[in-house]
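Engineer: Given next are the chains, with one letter for each unit.
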Amino acid sequence: MKIQSLDPRISRSDIPEEKEYVNKTELDQFQTWEVFHQKTRGTHHVHVGCVHAPNYEAAVLFAKEQYARRMKCVNLWVVKTADIFVTSYDDADMFEPATDKSYREAFGYKNKELIQKFKSELAHE
Amino acid sequence: MYGSLSIIEIDNEGRQLHEEDPVRLQEFEARIADGDKIEPRDWMPYLYRRQLIRMIEQHAHSEIIGALPEGTWITRAPGFRRKLALMAKVQDEVGHAQLLYSAAETLGKSREAMIDDLISGKSKYSNVFNYPAVTWADTAVIAWLIDAGAIVNQTINSKGSYGPYCRALERICYEESFHLKYGHDSVVHLATGTPVQRKMLQEAFNRWWKPIMHFHGPPDTVSQHTEVLVRWKVKMATNDEMRQQFLDMYVPKIRELNIEIPDPNLRKNAETGQWEFTDPDWDEFKRVINGDGPCNKERLAVRRMAENQGRWVREALKQYSGQYVTPLA
Chain A
1 MKIQSLDPRI SRSDIPEEKE YVNKTELDQF QTWEVFHQKT RGTHHVHVGC
51 VHAPNYEAAV LFAKEQYARR MKCVNLWVVK TADIFVTSYD DADMFEPATD
101 KSYREAFGYK NKELIQKFKS ELAHE
Chain B
1 MYGSLSIIEI DNEGRQLHEE DPVRLQEFEA RIADGDKIEP RDWMPYLYRR
51 QLIRMIEQHA HSEIIGALPE GTWITRAPGF RRKLALMAKV QDEVGHAQLL
101 YSAAETLGKS REAMIDDLIS GKSKYSNVFN YPAVTWADTA VIAWLIDAGA
151 IVNQTINSKG SYGPYCRALE RICYEESFHL KYGHDSVVHL ATGTPVQRKM
201 LQEAFNRWWK PIMHFHGPPD TVSQHTEVLV RWKVKMATND EMRQQFLDMY
251 VPKIRELNIE IPDPNLRKNA ETGQWEFTDP DWDEFKRVIN GDGPCNKERL
301 AVRRMAENQG RWVREALKQY SGQYVTPLA
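Heads up: the protein sequence lines correspond to chains A and B, in order. Numbering follows our numbering, with no gaps: position 62 of the first sequence is 62. Numbering follows our numbering, with no gaps: position 278 of the second sequence is 278.
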């Protein structure tokens, strides 16, 4: 029994109704690559997602189709996902300062208050 | 957990919700209540992971299968510009499937397993695509109102808790805006055209109204897990809420074109502010989604053929190794 459809192309493709299908083996869909795109010159490359591809050339081709087909883009980078070194959210406290580091922030300096104090002392003399 | 991981370590595989670590669960729920996103390598209850995989995977399958009833009319589109637009739309849908498969993969299910599950019938996809696009007008109605239903769903869920899914949905919403405009334009063109065009459109409408009413899924009273999925911001609105929003937005636009909606009971209750309508036969929905629809076999057969026919290319790309030897003669 062949599949019949309102679409003549499907009817003449002679697709058997019985399922002839072998489950996929590992890496049938290749490895993943992370894609970074640069919207316009002068901006950072930004991560936009991944593609599955067998090699760099195919990865760039698929990345162009996937991430630059509709959105403006001037440049693409692709990197193997396996080559990316990641930190854990569980270790997020490694980004917190261990001590008071206000000496390296603008708010850590009280110039205005010192000047006010100085002026008010002058005024009292 | 320094270093790149090829496999996610899921240590709570198969756990029921009441078996989960209560401290972890509480932190997780607090983060979500705060409006924070959950990212792929965060701890999450097994139920959250499983439900998200199911939801995102089915969304991805729907995009791919949804390309089939529309793609069938590319070769028979009424004009070059319509042909180009429909091709672009179908390209977008397949692209959306790729984005969604990638988002589902971040949760630990392989692309290979997802494709296998689609073809075996184990994973479902949006039921509306189990019906045929009988005429050109059917594709116009699909492009307008099914995409509209999807956009209601996608816009709401793009504010959900799972980072990768939200980011995928934002991109999809951006690309989808032309689909809606194109679909509406096609319908308006037919609705304001010749008597033959109006008749074709009305008949398409009559065929598609029930699937459109089924689109957002079974009523909340029947839908499982709704409460915990809403609390975890997996679903940002219930099926019924989304259906109501869709009707609010689109019934006026349909009536504006003098299209008759084939449900005499459809009306907005002035007191409750809720749309009332004839119950859209959830038994049929159940039958069709479980395999007994007009096009189920065809959709999966075409998908199967595509995978089978492409296999030699994938094998060649994977295993290519050669040894150069100067030609002998």
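One or more of the hints may lead you astray.
Claimed, not checked - The following label-pair restraints were derived from C-beta to C-beta distances: (1) A:Ser88 <-> B:Thr192: 57 to 63 Å; (2) A:Arg41 <-> B:Val230: 21 to 27 Å; (3) A:His45 <-> B:Glu284: 48 to 54 Å; (4) A:Asp91 <-> B:Asp292: 29 to 35 Å; (5) B:Lys268 <-> A:Gln4: 39 to 45 Å; (6) B:Leu180 <-> A:Asp100: 52 to 58 Å; (7) B:Lys253 <-> A:Phe95: 36 to 42 Å; (8) A:Tyr89 <-> B:Thr192: 50 to 56 Å.
Keep in mind the hints are simulated off the structure, nothing from the lab. All values derive from a computational prediction rather than experimental measurement. Ideal Cβ positions, reconstructed from N, Cα and C, are used throughout, including at glycine.
Engineer: Each hint needs a verdict: does it hold in this structure or not?
Structural biologist: Hint by hint, here is what the structure shows:
A hinted range of 57 to 63 Å holds for the C-beta pair Ser88 (chain A) and Thr192 (chain B), which are about 59 Å apart. Distance hint check: the CB atoms of Arg41 (chain A) and Val230 (chain B) are about 44 Å apart, inconsistent with the given range 21 to 27 Å. In this structure the supplied range 48 to 54 Å holds for His45 (chain A) paired with Glu284 (chain B), their Cβ-Cβ distance being about 50 Å. Between Asp91 (chain A) and Asp292 (chain B), the C-beta spacing of about 52 Å breaks the proposed range 29 to 35 Å.
Roughly 42 Å separates the CB atoms of Lys268 (chain B) and Gln4 (chain A), a value that falls within the hinted 39 to 45 Å. Between Leu180 (chain B) and Asp100 (chain A), the C-beta spacing of about 53 Å keeps the proposed range 52 to 58 Å intact. Checked against the hint of 36 to 42 Å, the C-beta distance between Lys253 (chain B) and Phe95 (chain A) comes to roughly 49 Å, which is inconsistent with it. Checking the proposed 50 to 56 Å range against Tyr89 (chain A) and Thr192 (chain B) shows it holds: the Cβ atoms sit about 55 Å from each other.
In this structure, the earlier hints numbered 2, 4 and 7 are contradicted, and the remaining ones agree with it.
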